[in-house]
Amino acid sequence: MSGLKQYLKDTWQGIWTVLVGMKVTFKHLFVPAVTIQYPDVKINLPERARNRLYVNMDDCIGCDQCARACPVDCIEIETVKSIPGEDLGLTSNGKKKALWVTKFNIDIAKCCYCQLCVFPCPTECIYMTDVYEFSEYERENLVYKFATLTEEEAEEKKRNYEKYMAEKEAQKTAAAKTKTEQPKTGDNK
Amino acid sequence: MYDILYNILGNQVVAWIIAAALPLFVFILPFALFAVWLERKVSAHMQDRLGPMRVGWHGVLQTIADIIKLIQKEDIIPAEADKKLFNLAPVLVFAGSYAAFAAIPFSSKYIGSNAEVGIFYVIAVSSFVVVGILMGGWASNNKYALLGAMRSAAQIVSYEIPSAIVILTMVMLTGTLSLDKFSQMQTAYFWNWFILGGPGSGITKFLLIPFMIVGFTILYISTLAEVNRTPFDIPEAESELVAGYHTEYSGMKFAMFFLAEYGNMFAVSAIITLLFFGGYQSPFGYLGNTFKLPWLVPIEQVFWFTGKGIFFVFVQMWLRWTLPRLRVDQLMHLCWKFLIPYSFVNLIIVGFITLFR
Ligand code: SF4
Ligand code: SF4
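These protein sequences, in sequence, are chains W and A.
Just so you know, this note's numbering puts 176 at position 176 of the first sequence, and the rest follows in order with no gaps.
Just so you know, this note's numbering puts 1316 at position 316 of the second sequence, and the rest follows in order with no gaps.
Honestly, the hints are just simulated from the structure, not real lab data.
Every residue, glycine too, gets a C-beta built ideally from N, C-alpha and C.
Hints are supplied without guarantee of correctness; some may be wrong.
Derived pair list, reagent style DSS-like, types lysine-lysine, alpha-carbon separation capped at 30 Å [as the list claims (entries may be wrong)]: (1) K9(W) x K81(W); (2) K1337(A) x K5(W); (3) K81(W) x K27(W); (4) K5(W) x K97(W); (5) K1205(A) x K5(W); (6) K168(W) x K95(W); (7) K1181(A) x K1073(A); (8) K1292(A) x K1337(A); (9) K1205(A) x K9(W); (10) K96(W) x K179(W); (11) K1337(A) x K23(W); (12) K1083(A) x K1073(A); (13) K23(W) x K96(W); (14) K163(W) x K179(W); (15) K1337(A) x K9(W).
Covered, in the sense of this in silico footprint (three residues per stretch, anywhere, with C-beta under 8 Å from a C-beta of chain W), are these stretches of chain A [unchecked claim]: (16) 1042-1048; (17) 1313-1326.
Listed below are several chain W residues computed to face chain A (Cβ distance under 10 Å; list not exhaustive) [as the list claims (entries may be wrong)]: (18) Y7; (19) M22; (20) F30; (21) A33; (22) Q37; (23) V131; (24) E156.
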């Protein structure tokens, strides 16, 4: 008899638990969805979210600190010294710029968003933005070029500097020549 | 339906073709498209998601886009498959579920075939699906497909017993096999539905109610198993069998399995509606009768019938997203140790009530 009782109890329990489950799922039909319609609606990024880097070239002094801090070496900086008489302007915190930044490439494909490059920058001109949609079809397109100088301008600056150095060299050698000649005359005294 | 068309067109063959194609294009295809969308929406909202939202208003056109995609897909036949059987299987499965619609009365004016043995025909023809499933699983030459097909065959054959017994109970009570007569008996208001004891009055009507509810529950559970829906979806258990018997199918052939599944869902819901919930009858009388517009009545009947059918389809989806899948042994346990004994006891009791009525 107890077997039959158990059997009936099992049946009842089976039906009852299914109904309880159905009640739960039915309630969830009317719970507002948590889904966000992504490209149309975007959630606010948390504070200090790390995304794509940006360099404000107006403030960059080309000190190479960021490139040295980067653990994956994805920042490539090349600079050319300015020659006297060229005014490169001031950074926003009053530092005087002395170097032409002829190349400032960040390979975002390699970047691991560690933000280590941001802290050492003396002028706070390299920083994380809130842009995170930048997929590309070609990997080359992920190398971001920040240098404001065009190729020709960069070439020109290089040539200027070389010319300046060459002139300086020439002056030096000329000076050295006169220097070496002078003792001779002194010896002749 | 055929007679009406024959009277209008005067050509037997044309009338025959149109009568045969009508349920497919007017009902099964749109219903399947709608049901797939509904399934996604129901599942999504039960999980606090949104589901398809992009194509059309709240994604209503999503399934149409999916069908277009499926049509474009390459039709892959595995090299080692038995090609003839492989190609035949989806057609058979679809034909099985499509054929069931022939005997379903959508309204008093529209019945594909008003056969006197309607319910018997539906039981017989829906077993046809098993052949197609087994064929597909065998011909794919894939162990998962074969396992799924064998499970499916075992499941459908076992669950046909309790559902047949419940249907037998109803046939005994009413004394007819015709689905149209079933509907006609439950006319007027909803207290004439068989779930509430059927037409008539007196003590037997109230005595019948609990046994009708038991019968309905058993029939609902076993038809759920027959159409391979969760919690009885072990033939296509994704986590163990890839996709079961249609693992190797792609493109339109897969779509046919899919269409057949949703067609079947409606077919079994329709049977339940017909047996217990008044068929195409409205629960509160007809507007057409109130306003003396006789042509409105069949339209209302179609509305009530599809409405009830879709409600039971919705409950199937609801259960799918509520219950976890049963194990094979649990499935057989439920069928042989619970549903069949209960349905037998139910049969005997209802038999006695019918006898002393
Ligand atoms: S965020 Fe990190 S990885 Fe990216 S550029 Fe800066 S230092 Fe390099
Ligand atoms: S650390 Fe700042 S200033 Fe220095 S090179 Fe990098 S970006 Fe420019």
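Tested hints:
1. K9(W) x K81(W): Cα-Cα ~90 Å, so violated.
2. K1337(A) x K5(W): holds, 15 Å
3. K81(W) x K27(W): Distance ~70 Å between K81(W) and K27(W) Cα, so the pair is violated.
4. K5(W) x K97(W): violated, 92 Å
5. K1205(A) x K5(W): holds, 28 Å
6. K168(W) x K95(W): Satisfied, since the Cα-Cα distance of roughly 26 Å is no more than 30 Å.
7. K1181(A) x K1073(A): violated, 45 Å
8. K1292(A) x K1337(A): Distance of about 53 Å is beyond 30 Å: violated.
9. K1205(A) x K9(W): holds, 27 Å
10. K96(W) x K179(W): violated, 35 Å
11. K1337(A) x K23(W): holds, 27 Å
12. K1083(A) x K1073(A): Cα-Cα ~18 Å, so holds.
13. K23(W) x K96(W): violated, 71 Å
14. K163(W) x K179(W): holds, 23 Å
15. K1337(A) x K9(W): holds, 14 Å
16. 1042-1048: holds (count 6)
17. 1313-1326: holds (count 5)
18. Y7: holds, 8 Å
19. M22: Check passed: Cβ of M22(W) comes within 5 Å of chain A, closer than 10 Å.
20. F30: holds, 8 Å
21. A33: holds, 5 Å
22. Q37: Q37(W) check passes; min Cβ-Cβ to chain A is 6 Å, inside 10 Å.
23. V131: It is violated, given that the least Cβ distance between V131(W) and chain A is near 24 Å, above 10 Å.
24. E156: violated, 52 Å
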